[in-house]
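*Asks:* Letter by letter, the chains look like this.
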Amino acid sequence: MTMTSPTTNATLTTENLAVTYTGNREVEAVKGVSLEFAANRLTAIIGPSGCGKSTLLKSLNRLHEIQPNVEIGGDVRLNGESVYDADEPVPEIRRRIGYVPQEPTPLPLSIYENVAYGLRIHGDYESKADLDERVERYLRKVNLWGEVEDRLDAPGAELSTGQIQRLCLARSLAVEPEVLLCDEVTSALDPVSAETVEETLADLKEEYTIVMVTHSMDQARRLADDVVFLYLGEVVEANDVETFFENPQHERTRAFVDGSAIPTTGAVDGEANGDGDGNERATTTDTEPGEPVVAER
Amino acid sequence: MVLDRYARQRLFGWLARGAAALVVAVMVLVVAVTIYRGGRVFITDPAIAVTPPGSRYMLEAEGGFFHAVLGSVFIVGPATVVSAILAVSTAIYLQSDYSSERFSETVNMFLNVLWGTPPIVYGVFVLTVIIAVGAQTSLFFGIVAIAIFQYPIMTRYTDEALRAAPDTVREATYGLGATRFETALITVRAALPGIVAGIVMGFARGIGDAATVLFTAGRSTNMPAGPFEPATTLPVLIFDQAMSFNAEVRSHAYAASFVLIVAVLGLILASKLLAGRYARFAPGGRHS
Chain A
1 MTMTSPTTNA TLTTENLAVT YTGNREVEAV KGVSLEFAAN RLTAIIGPSG CGKSTLLKSL
61 NRLHEIQPNV EIGGDVRLNG ESVYDADEPV PEIRRRIGYV PQEPTPLPLS IYENVAYGLR
121 IHGDYESKAD LDERVERYLR KVNLWGEVED RLDAPGAELS TGQIQRLCLA RSLAVEPEVL
181 LCDEVTSALD PVSAETVEET LADLKEEYTI VMVTHSMDQA RRLADDVVFL YLGEVVEAND
241 VETFFENPQH ERTRAFVDGS AIPTTGAVDG EANGDGDGNE RATTTDTEPG EPVVAER
Chain B
1 MVLDRYARQR LFGWLARGAA ALVVAVMVLV VAVTIYRGGR VFITDPAIAV TPPGSRYMLE
61 AEGGFFHAVL GSVFIVGPAT VVSAILAVST AIYLQSDYSS ERFSETVNMF LNVLWGTPPI
121 VYGVFVLTVI IAVGAQTSLF FGIVAIAIFQ YPIMTRYTDE ALRAAPDTVR EATYGLGATR
181 FETALITVRA ALPGIVAGIV MGFARGIGDA ATVLFTAGRS TNMPAGPFEP ATTLPVLIFD
241 QAMSFNAEVR SHAYAASFVL IVAVLGLILA SKLLAGRYAR FAPGGRHS
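Chains A and B, in that order, give the protein sequences.
If you use the UniProt record's numbering, the first sequence corresponds to residues 1 to 297, in order.
If you use the UniProt record's numbering, the second sequence corresponds to residues 1 to 288, in order.
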């Protein structure tokens, strides 16, 4: 595998993407989503808890496949090439479409080896000096180098959660992905750490195509170029950030942005969602996402 | 009698403390008696554990019990290595994404049954094999029996350790483009403190077990001569010594117990140190 430099202009599109959990009870978490994540822009996916945000994100690089009982429909295309019908092995796809988990998760390795890990498994470095240089480059990129340069051999787990989350970003960037998927990367952090991670993301969006799940509307407003509003597994509205917040095209978006109850009639064929005003402005203290609790009974 | 909430709390406190004290007291007593009586033997005859037995050792306490010390090392050492490799591989298979959850649960149920199986059953099982193949009891079959005995213990420990490793680690490595195998390796790394503890526990159980080797290793009273020659281990020796008519041989049982207890304690301490070093790297390690 030859090494790829950070490719700019990577566009990710979904075509009728559907994800169904086929466990004890069948749940269609994502229902026929067609979207375009534009190159070198940060797209925020927002929506109430359990609307399928995380599921959609993980299906973009086939990460949901690591859990059993998931069925997929439609396709995802990276620069026009199919992700689900690809010739290359799945790990190669995940390397091109990187993923940063919600929980700050250090690998059980040193700070240095955390960043070097991806490079080592892909064999993407010429020499030890080259590896050193790259580890430093990506730690600088996430504004962490100054804080860790004198203790690179210390366990990654000994950093603070905010530092660990930036370490995770550096680790993901080191394999030089074309697209970066971020799953609520600030929701487990204290406000100060969250701000440093946000600043890092703001810098990164110049160079990468970033898709970020968040349930903080303020964060979407601050960081995003484009916003996708997902509700009950369907896209209600996808627009650039100004239009989305200042001039929403759909009644539901307006309700969500205003923090009032989302109307249950209209584009989405969801009956009374039950939790009427339970969908106020989502805060970072909201419930655990991930599990599909899409309106089902 | 109706007790108020605080009286009940105090009562439970005393009961719990009493139970803990009882267990500790029994443990201290066992260790203290072994060290005291075994120590006395060592003071009069310090080389007893490294002196080969005389031809009339069991009758007249001639020489020492080096044969059993060596037998224990040569039987339990290789058995632990073989069993650990098999156990860690099995647990990785069960916990990784190679096997389905239902299959893992079924296998774990069988492993729990095996764990609870009395070791004498393994001894008899291996003995039937020995008879079936027309071999004789030997060091080799002692290794086989001990390895079978250790396997479920180590596998369950490793499985639990891997299960406790956070799922997010797997997600993170897969997200970097790791293969299933690479992800399994990282998970093992994250679970290493627990895995080391499991292997040491298997070793400790193996070195202390008499029933498995009783029928399989040959209960030899001579120095082990080769892998297919009879041998014995410390627990079997202690059993034989304790039944001796000779009071001096019986006192040697304490000396042999002393060696056994010191070996197990030393091993557990070493594993704690080793596990502590790896625990620093485990996610959330700084809290533990």
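Rather than coming from a laboratory, the hints here were simulated on the basis of the structure.
Where a beta carbon is used, it is the ideal one built from N, C-alpha and C, also for glycine.
Be a bit skeptical, because a hint or two may be false.
What the hints assert, rightly or not - Among chain B residues calculated to face chain A with C-beta under 7 Å, some are:
#, residue
1, I43
2, T44
3, D45
4, F281
As the list claims (entries may be wrong) - Label pairs and their computed distance ranges (CB to CB):
#, chain 1, residue 1, chain 2, residue 2, range
5, A, G74, B, V121, 50 to 60 Å
6, B, M109, A, G23, 14 to 24 Å
7, A, R25, B, I131, 37 to 47 Å
8, A, G74, B, G208, 34 to 44 Å
*Asks:* Please go over all the hints and tell whether each is borne out by the structure.
*Replies:* Structure-based check of all given hints:
| no. | hint | result |
| --- | --- | --- |
| 1 | I43 | violated (46 Å) |
| 2 | T44 | violated (50 Å) |
| 3 | D45 | violated (48 Å) |
| 4 | F281 | holds (4 Å) |
| 5 | G74/A <-> V121/B: 50 to 60 Å | holds (56 Å) |
| 6 | M109/B <-> G23/A: 14 to 24 Å | holds (22 Å) |
| 7 | R25/A <-> I131/B: 37 to 47 Å | violated (55 Å) |
| 8 | G74/A <-> G208/B: 34 to 44 Å | violated (60 Å) |
In summary, the numbered hints that this structure violates are 1, 2, 3, 7 and 8.
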